[in-house]
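Chain by chain, the residues:
There are 2 protein chains.
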Amino acid sequence: MTYKVGILGATGAVGQEIIRLLHERQFPFSELKLLASSRSAGKVQSYGDQSWTIEETKEDSFKELDICIFSAGGSQSEMYAPVAQKHGCIVIDNSSAFRMDPNVPLVIPEINPKAALGHKGIIANPNCSTAITLMGLYPLHKMFGLKTVIASTYQAVSGSGAEALQELKDQLNAWSNGQTIEKNVYPHQIAFNVIPHVDRFDSEGHTREELKLLNESRKILQLDDLAVACTCVRVPVFRAHSISVTASFENEIDMVSARKAIQDFPNVELVDDPDNLKYPMPINYSEVVPCAVGRMRKTNVIKNGLSLWITGDQLWKGAALNAIQIAELLHEEGAIR
Amino acid sequence: MTYKVGILGATGAVGQEIIRLLHERQFPFSELKLLASSRSAGKVQSYGDQSWTIEETKEDSFKELDICIFSAGGSQSEMYAPVAQKHGCIVIDNSSAFRMDPNVPLVIPEINPKAALGHKGIIANPNCSTAITLMGLYPLHKMFGLKTVIASTYQAVSGSGAEALQELKDQLNAWSNGQTIEKNVYPHQIAFNVIPHVDRFDSEGHTREELKLLNESRKILQLDDLAVACTCVRVPVFRAHSISVTASFENEIDMVSARKAIQDFPNVELVDDPDNLKYPMPINYSEVVPCAVGRMRKTNVIKNGLSLWITGDQLWKGAALNAIQIAELLHEEGAIR
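Going down the list, the sequences are from chains W and G. In terms of our numbering, the first sequence is residues 1 to 337. In terms of our numbering, the second sequence is residues 1 to 337.
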């Protein structure tokens, strides 16, 4: 069985990784259609010795497709996901548009794969920080019962797209060459700085990114009472997010079991040997499949408390990889066509 | 009244700032003696149009001095502070050597100035992250009663000294010029990376830096039951530390009063206007006296909970400035000679 696969938003930072991972992971596609805005239509995108001409997204773009991964932002998803749905093309959506829709499953394949199979045409991919944080917390939740999450993020610039990655590079080169540092993507200089602001603010002073960790975690884990406090921070790192977490659990933590839970979970690595200077870091967890957990230690600041540090590639597990894992899951279950 | 002032460790990143701030803040000194190891002795240090020849630290270096600021690491402090004490030279010590000594006051002048006056020859300057965190938390503690602190830090490289600052610059220049990135000061590359490791690890997986926030906060605030969980992280920022804090208090938080408490406290600025993209950032709080507090919002993850973001110059409020403020306090109280 092979499929006709589409990518909406093929020119973006995530779109590029989707093309790469579809090939590297040998997803069984017979045809690949790259869709983007009229601005990008006609451009040629290549991978290895193959190339594709990007087509402008239109109502009938989805007619022939079996499955399409959307990564072009919320408004594009809102516009075209219902169209694809109508044509019987399964949508895996990277945007936040449908994540909290009760008719749309929000899926991390290692955590809630069954939810994907109940889809009605659209499956949502979680927020990048949420996916990476839950990859570290879910194995512990299964064992001890998660109650409270207090998180501070260290988010790489490529999470804001290719332009943001370029902006950091341009700022660093400008500094190195003694030139003026300019900014366009972020409201403040990101080189040599940290910015406690990711996505838009609400009236109570939370950012949408911070609320995603609350709302999406509750939905994925089916934990309506989960309490989450989060501060999201952009750091001058090219790639891979890190999250400093202090969590409380229903049951007392046994460190041996906690470590084993992390080690035994698929696509999560325990990197927790501080005496040998081993802990997860973005430079080691970029362009790799697993997320990593380290700095695990009990704390008495909250009941049955544990502090830990989680790192993962936000373009992969936080976006492209998770989306393709959802497609792989559907394929394995014979649920695409 | 003018004083004979010494600086032990005058060539370091903090030592340089002490020289600068003694001048900029017009501390009344009649003589300045710069002390360092034999390696640096004979070198000439200048500020403005003045210069000093660095002397090797010896037993009788402190004989003529009224006050000496130590910033040469714990072992130098342990060796020479008792000598200075014997000669009647007041020591203000930046190292961690005496901070937890019950005979040595640990002082942030805005918070516990009276403790300084009870000294027996040595006054300790707090850890950089602790000083900056408490500048943000103490005004809230006075109003609501601090109980629990959960903190994640974003620490600038100059906190590790001048060599670390140079290492980040060298790594960035190497990257910009397409050369290999080398490392000596940190165990891992710091450019484009974050390292969840500041100071040495203990057997339970905490770093000494993380435990300083617990132990020093308890001592400074005289809160033996204060609970602290902290993860300390080095980030590729030249200067100024930031701390993401979620704290719980005895009493319910009233946000209007909380903001006013921050605004009314000396040397702390409320920078909390997210709609206008205003929040504290290291690039805005380097080489300035005040620390800044922003991103203030209530949270229900812990009782009477509040999340906030604090930024301050770790070479100033976290080290040199706080030390000089202690000297100024002693001078104002006529307690130096």
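Think of the hints as simulated: they come from the structure by calculation, not from any bench. Even for Gly, the Cβ is constructed at its ideal location relative to N, Cα and C. Warning: the hint list may mix true and false statements.
Claimed, not checked - Some chain G residues judged to face chain W by a derived CB distance under 7 Å, without partners named:
#1 Asn193
#2 Val194
#3 Gln263
Verification of the hints:
no., hint, in the structure
1, Asn193, "5 Å, holds"
2, Val194, "5 Å, holds"
3, Gln263, "16 Å, violated"
The earlier numbered hint that this structure contradicts is number 3, and it is the only one.
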